[in-house]
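Peer 1: For reference, the chains in residue letters:
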Amino acid sequence: MGTAQLQGKKFIELVTGGAANLQANVSIVNDLNVFPIPDGDTGDNMSLTMAGGIQAIEGCSEGSLSEISEKLAQGMLLCARGNSGVILSQLFAGLAKGFHGLDAANIKTVGFAIRSGVRRAYESVMKPTEGTMLTVAREAADQACADITPESTLESFLGEYLTEMNASLQRTPELLSVLKEAGVIDSGGAGLVYLIDGMNRSLHGRTEKTDNITTKQKSTDTRGFNENSVMKFGYCTEFLLQLQTCKVNLSSFSIKTITNYLDTVGDSVVAFQTGSIVKVHVHTMTPGSVLGFCQKYGEFLSVKIDNMAIQHNDSIVQNRFEISDGVPPQKQKQFGVVTVASGAGVQEAFRNLGADVVIDGRDGKNPSTEDFMKAFDVVNAETVFVLPNNSDIIMAARQAAELYTKSDIRVLESRNIGDGYAALSMLSFDSGNVNEITDTLNQAMNGVVTGLVTTSTRDATLNGVTIHEHDYIGFSEKNMIASSPSKTDTARILLEKLGISQKQVLIVIYGIDVTEEEKRMVRRYMTEHHSKVELFEIDGGQDIYSFMLILE
Amino acid sequence: MRPVKIITDSCSDLGGDIRKQYDIAYARMNTEYDGKELPASLDWEYYTPKELYDVMRAGNRVLTTQVPVDEFTNIFTEYLEKGFDIVYIGCSTKQSGSVNTAAVVAKPLLEKYLDGRIFCIDSYNACFGEGMLAVQAAEYRDAGMDAQTIADHITAVRNDVNEYVTVNSLDTLKRAGRVKASSAFLGNMFGVKPILISDVNGDQTPIKKVKGRQASMDELVKLLKESIIRPENQRIYIAHADCIDDAEYLKSLVEKEIPCKEIYMNYIGPIIGASIGPSAVGVFGFGKTVEFEA
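Chains as they are written, first to last, in our numbering: chain Y, 5 to 556; chain H, -7 to 286.
Source of the hints: derived by calculation from the structure; they are not laboratory data.
Honestly, I wouldn't trust all of these hints.
Below, simulated EDC-like cross-link-like pairs (lysine to aspartate or glutamate); rule was C-alpha separation at most 16 angstroms, straight line [unchecked claim]:
#1 H/Lys172 to Y/Asp434
#2 H/Lys200 to Y/Asp443
#3 H/Lys172 to Y/Glu185
#4 H/Lys200 to Y/Asp434
#5 H/Lys200 to Y/Glu440
#6 Y/Lys283 to Y/Glu231
#7 H/Lys74 to H/Glu24
#8 Y/Lys536 to H/Asp107
#9 Y/Lys536 to H/Asp237
Residues from chain H that keep clear of chain Y, each with C-beta distances beyond 10 angstroms, as calculated [said to hold, decoys possible]:
#10 Gly8
#11 Gly27
#12 Lys42
#13 Gly89
#14 Val91
#15 Gly108
#16 Thr141
#17 Gly183
#18 Thr281
We put the beta carbon where it would ideally sit given N, CA and C, even for glycine.
All chains should be built: construct the whole structure from the sequences, respecting the hints.
Peer 2: Here it is in structure tokens:
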């Protein structure tokens, strides 16, 4: 035997339970918030709105359903926050309208009132968007109300209402592309489901919290790897390792212990240590052995391992070895960018600036014509812009461009990392015009100056600068400019001679050997002497150059 | 004909002087930081611009709320009670839900004040883009138009607002979820400055990149000069998020490049400031109809 009539007192119990469940799940709802403004406050807004309503009906348990629902709606409207709060308040305002004048309501009337709420909510929004809580409220109400029979009870009705609502919620990404892109369901809709779920629990005398909402859509597309696949790309393996004093002497531990090993079993190695925690990123065929090795020094705080054949393409580090395996061509996109850089941090920065493929260009391993052609295959665009970033590589890139027939290849004369950065930072395909884009990239390279700091391998006097073996040297283009036993002094002299005081922006790319103290010295120097110059720092992770200085 | 009250909101960034001059009221939103929720006053009664922007410079986020229901209820009731019709010109619905809320609040009020009318207009803009529409509405009112006619006229010219804004970084806008940008603008831009406009739908969107702060400010004036129509009859608006030197520079450049009737300069208020971050500067005027869609 179920409940045939909704009384005022029961209504209070239900909405109170609903509000409590919404409150309990507020952060989940916040995290889903991407529409219309992804500021992560939908959960808070809905919960505070609901709380305002609950406060307004406190101590009203003797009232009629009509009185209570009106008070609730009024309280909610006064406390309504955000779009979601306003819409929620209108759902309840319409509900109250449906209950108007009633002491209690049978199930049919409850259904009628719920649909009245949906109408009111739609009316309240100037441009209703489908795929939001409006849709969720409407579809659930339509379906559940259509199924009401004379035998329906509050229990059966609310149960179906919740089921339909959840089903509708899961469909929201199909209706609203921003949700699909973000891989989430609608936050307001989710809030509504938590509310109704809480009411349903309260009806059944349960108030414990369980998760019956799948909050994230699967974002992994596993089609890239099946039973016939051969492992070519390996695993992108990332973890945080807490070094432990019981396993290793912290004061003598060097990160090189780990990076040296990683270099033997993988590539795209990025590893750094902060205090007693080591963060590692490596692409490897054998993540098991990496974890086994590292566990000798501590325990893992977190581990993430992705098969790179099915990984999100935005996090792939394309290096020359991976490229050689190629990727099956799909439909050509309009524009693509291939560039060359060494050091994981620099490669990462270039990808962030819009490069599709960053060919690993460590000195002594200049990319070949073939490497470029394979990179063009991977990019698979109608027009590919190429930034070789090294005067010694431009020829190979040009040759590749001549040989390659599947795309229009535009090789830009970026002679160093600074040119490449300057061009990429201005990249925009918005004009859609190849010549215009080429012009913009070429113009962007005007006026950028690149300085490099490394160590000398011998005694010499160059360009009037006396150099001792193992001293640091600073040069620009092929001109020797500074030399000093101190790494940071060399950088400082180089910056001054390159005219830092006349520049607006300095980008410093730190090599793998630069310490935190040396970084602080750079920062302090710039703040004290050139506070008007904007400083940007990149942990490049390159091995030959301690500092790559880009001045604009 | 019933008298008309022009009402805008905290996003309009109109200072007390110009609001008084044009008899414009505004509905207040709220800011929230340090655990305190305070009204977003355009007269800075609760904190100074520097205090607010320093909070953000220190890396803290300032949260904002749309105009609360009771704020709308009070301000609408006040003027309906006095026999006014109301034209409310609110922040772009792409940036705030206030226009929607205003319409929800207006409905039951009009059942009570049967002779009154309230028009809630999505300005498609924010900051002075919204504020200058409110000023324009006040000028229409002073020319004797009724509320309906004013609402129609404002709706017709809202896409003629030309906004050009630059920021040192898009980080604050991105974090606040208040920019619609292609991937070319989403990475770290390392010193490259975006120029933002309010697009045909009222989305804030970057349209181009410029190297360096100085060049980006020059670009703002260049773009406005290209698109503004009949500047000699207009007031040009300059807004800044606590970077008065840059705003003064823009002003001198505008004086030199775009002869206009008047220049109005003010701080970017608490709400827009919280979304766009310190160091934002922008110029505004009426010009060619915006057709760009992000």
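Peer 1: Failing hints, ascending?
Peer 2: Of the numbered hints given earlier, those the structure breaks are 6, 7, 8, 13, 14 and 17, listed in rising order.
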